[in-house]
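Using the sequences plus the hints, can you model the full thing?
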Amino acid sequence: MLKRRPIHKVLIVIGAVIICIYSLMPIVWIISTSFKKPDVIFSDPPQWIVREPTLQNYKQVINNPSMKQYFKNTVIISFFSTLLSLLIAILAAYGFSRYRFRGKSTFMGMLFFSRVLPRVSLILPFFIILNKFRLVNTHLGLIIVYIIIGLPITIWLAKGFFDKIPIEIEESALLDGCGPLRILLRIIVPISAPAIGAIAMYAFILAWNELLLALILTLDISTQTISIGLSYYKLEFGISWGNLMASSVLMSIPAVLVFIFFQKSLVEGLTSGSVKE
Amino acid sequence: MRSENKGFLFVLPAVILLTVLMVYPLLQTISYAFTSFKLAGGDVIFVGLKNFRDVMKRYEFIHVLRNTISWVIATVTLQFAIAMMVALFLNIKFVGREVIQIIALIPWTIPSVVSGNTWKWIFQTDYGLINSTLRALGLSQFTRPWLSEPRLAFFSVLFAAIWQGYPFLMVMLLSGLKGIPEEQHEAAMIDGANTFHRFRYITLPNLQNIIVIVLTLQVIYAWNTFDIIFVMTGGGPGGATEILGLFIYKLGFSSFNFSQAAAVSVILLLFIFIVLGIRNIASISRGTKHA
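Here the protein sequences come in this chain order: A and B. First residue of the first sequence: 1, per the numbering used here; consecutive thereafter. First residue of the second sequence: 1, per the numbering used here; consecutive thereafter.
Check each hint, because a few of them may be wrong.
In silico DSSO-like pairs for lysine-lysine, Cα to Cα no more than 30 Å straight-line [what the hints assert, rightly or not]:
id	chain 1	residue 1	chain 2	residue 2
1	A	K72	B	K250
2	B	K57	B	K250
3	A	K104	B	K6
4	A	K9	B	K178
Derived by calculation from the structure, the hints in this document are not laboratory data.
Structure, rendered in structure tokens:
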């Protein structure tokens, strides 16, 4: 083993501090801004620690009817797109993981390709097809689109996890006469519950954070999501940085919390998917 | 592995969805690039390369293309450099390493709309954190209109995008680093190799595969950037931060010029094919080298 000299310890602490400052400084700043009264927000020099913190910004945001509607739309769209994409992804991943069938490699290739397809090149196709089905400016339209853009990665992740489950586990059930669908639901899904949880969270966050597709596929507040609300904030409310930062904090909480809880399996899935590839 | 056609039934829903709602419309978009399609209706006639010529004749086009290329090169190289340094650091064993790793990943988890707004607020000219800190330090001569001066705006947005995007690269590189057997480093140290030599002759060759993958993905993501620019500058000032993604959005959904937007989408797809092609060539040549 290598012995670590004290100078190394100092360097490690310096490195850790630099990473923390770089990563967290902007985040601490939005949180601090969100608790400031309007007159303190523009104080010069900048005030990092709020002397008289206020919940005023949060109250204004929560009581704002447009913000309520944005949040409601986002929750509906994220929830249903997650649920459906999970269902479709689990089925597909199981098929890819356990069966050989004609066209399999073509489908896998298609999946990989759609994973690297830039979203900006898809905005026209999505708009055209949803317009054809009269789904522009509906919740369903966005739900479908988020399922599609999530699928390549959710299938990939689920397949990676299923591949690790030894096939012998299924064999006895197969002898007992269980159909493949029952094996999937009774054996595979329960075993991989934590992994499926991570995949669900991935799909949820994808929909929760998405801006570009929401921008082109919604027309008014009846369907617009929180990301649109925040990117158009100043147009609608006049720049109130306090309110904007408070709603930014509210919007980020699900994503950050979910990540911290699921980071191990998410990071594992995302990296192993690409390392093996 | 079972070879029954039942497997096909499992993947069928996904395949149908992807075909109907992604592959088919994508092909349609490509065909629109060569026709006079308008959303409002009217005859759709084949016009050959007219849309491409028209797009290239637009005064913004060369400008947007140049911005996009600078954007891709700058984000990818800078993110890679930072990601590599942080990954090497987090590969050292020390107490609290996992906590630091989570902290380093947090910027990546923040919604891009939020990080866009955050950096817009930090770079804001009158009351933004940077300028008011400079003033507080008595360095007023260094205060700048970070987001309203074209050249600076490009770098400010770049800075924000790197902050948000590098952690993904970092975590990929880190997982590659963790896979390198420690014995290789120990053996090299016994042979008297210094840190740089070990990085050059052990770490880099071991990471070769993952570096190719990560750079491919990152180049594609960089072409694809939209949210953070849209929120911070909307492509301004004076088009200084407008890249292909915003250009397609504006052509299609502000000017409602669908066929030209389709033409730009096709150009973008061509770039992606080129990148993937280079990647495949790279992995093929590596394959033969190791064979």
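Hints the structure fails to honour: none
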